[in-house]
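Novice: For the protein sequence lines, the chains are H and V, in the order given. Under our numbering, the first sequence has 61 at position 61, and the numbering climbs by one with no breaks. Under our numbering, the second sequence has 86 at position 86, and the numbering climbs by one with no breaks.
Worth flagging that the hints you see were computed from the coordinates, not collected in a lab. Errors might be hidden in some of the hints.
One copy or any two copies: either way a pair holds, since identical chains are not told apart in the list.
To be verified - No more than 27 Å apart at the CA atoms, straight line, and that leaves these computed lysine-lysine pairs for BS3-like:
no. : residue 1 : residue 2
1   : Lys87     : Lys33
2   : Lys6      : Lys87
3   : Lys6      : Lys65
4   : Lys98     : Lys87
5   : Lys42     : Lys98
6   : Lys33     : Lys72
7   : Lys6      : Lys98
8   : Lys6      : Lys72
9   : Lys98     : Lys72
10  : Lys65     : Lys98
11  : Lys78     : Lys98
12  : Lys65     : Lys42
13  : Lys87     : Lys72
2 protein chains.
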Amino acid sequence: MSEFAKTPQPPYYAVIFSSQMRDMDGYQEMADKMEELASVQKGFLGLESARNSEMGMTVSYWESKEAIQAWKAHAEHKLAQQLGCQKWYEAFAIRVCKVERDHFFER
Amino acid sequence: MSEFAKTPQPPYYAVIFSSQMRDMDGYQEMADKMEELASVQKGFLGLESARNSEMGMTVSYWESKEAIQAWKAHAEHKLAQQLGCQKWYEAFAIRVCKVERDHFFER
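I would like the entire structure built from these sequences, with the hints used as guidance.
Specialist: Written out as structure tokens, the structure reads:
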């Protein structure tokens, strides 16, 4: 993911997902699949992510808290969440936020 | 930065800073200095970040919007912001959020 999410005027919502990996086997395929699946959910606004050897940070943006709840409960996503806890992640933090203000700079 | 921020019970605030670099010369020294300086500001709760070749994501956590404003206006930080626009960044997005809910997993 190399571009910024094209989000509307605030308010909107963000899910900050910070993770430390344990096992990368099969992870990237699942992450790509989940990104593709998320992107067609109602209320999805965009996604930004970066990963290095120590930490991964993914922020997804959503129109509403209801859209976040619906994605959380999506059957294929739930399966990926289970596999994540069993296999891929050493630890993670999820924070659900209301974006109140934003600012963009482009050269 | 390899650890998760130790944030309190929500609500608290997050600043999501997503960036694409143009020039890395002198950047890491300034980034390290700003992290050190931010960490002693009143109301600072923690910071998480990851960077790869395409994108950098840094999320800092704060007790209040007032703490974020004070950090934004800090003299040394303002100088770093100016240098960032002149030199280091191709583009960036800043989003100020209220964290309403969080969840942690650790193996």
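Novice: Run every hint past the structure and note whether it holds.
Specialist: Comparing the hints with the structure gives:
1. Lys87 x Lys33: Result: close within a single copy only, 17 Å intra versus 36 Å inter.
2. Lys6 x Lys87: For Lys6 and Lys87, the Cα distance is within 27 Å only across copies (24 Å; inside one copy 32 Å).
3. Lys6 x Lys65: both (18 Å within a copy, 24 Å between copies)
4. Lys98 x Lys87: neither (30 Å within a copy, 31 Å between copies)
5. Lys42 x Lys98: Both ways: Lys42 and Lys98 sit 18 Å apart in one copy and 22 Å across, limit 27 Å.
6. Lys33 x Lys72: Classified as within; 15 Å inside a copy, 38 Å across copies.
7. Lys6 x Lys98: both (16 Å within a copy, 20 Å between copies)
8. Lys6 x Lys72: both (22 Å within a copy, 24 Å between copies)
9. Lys98 x Lys72: both (17 Å within a copy, 20 Å between copies)
10. Lys65 x Lys98: both (9 Å within a copy, 13 Å between copies)
11. Lys78 x Lys98: Close inside one copy (23 Å) and across copies (26 Å); limit 27 Å.
12. Lys65 x Lys42: Within. Shortest intra-copy distance 12 Å satisfies the 27 Å Cα cut-off; inter-copy 30 Å does not.
13. Lys87 x Lys72: within (19 Å within a copy, 40 Å between copies)
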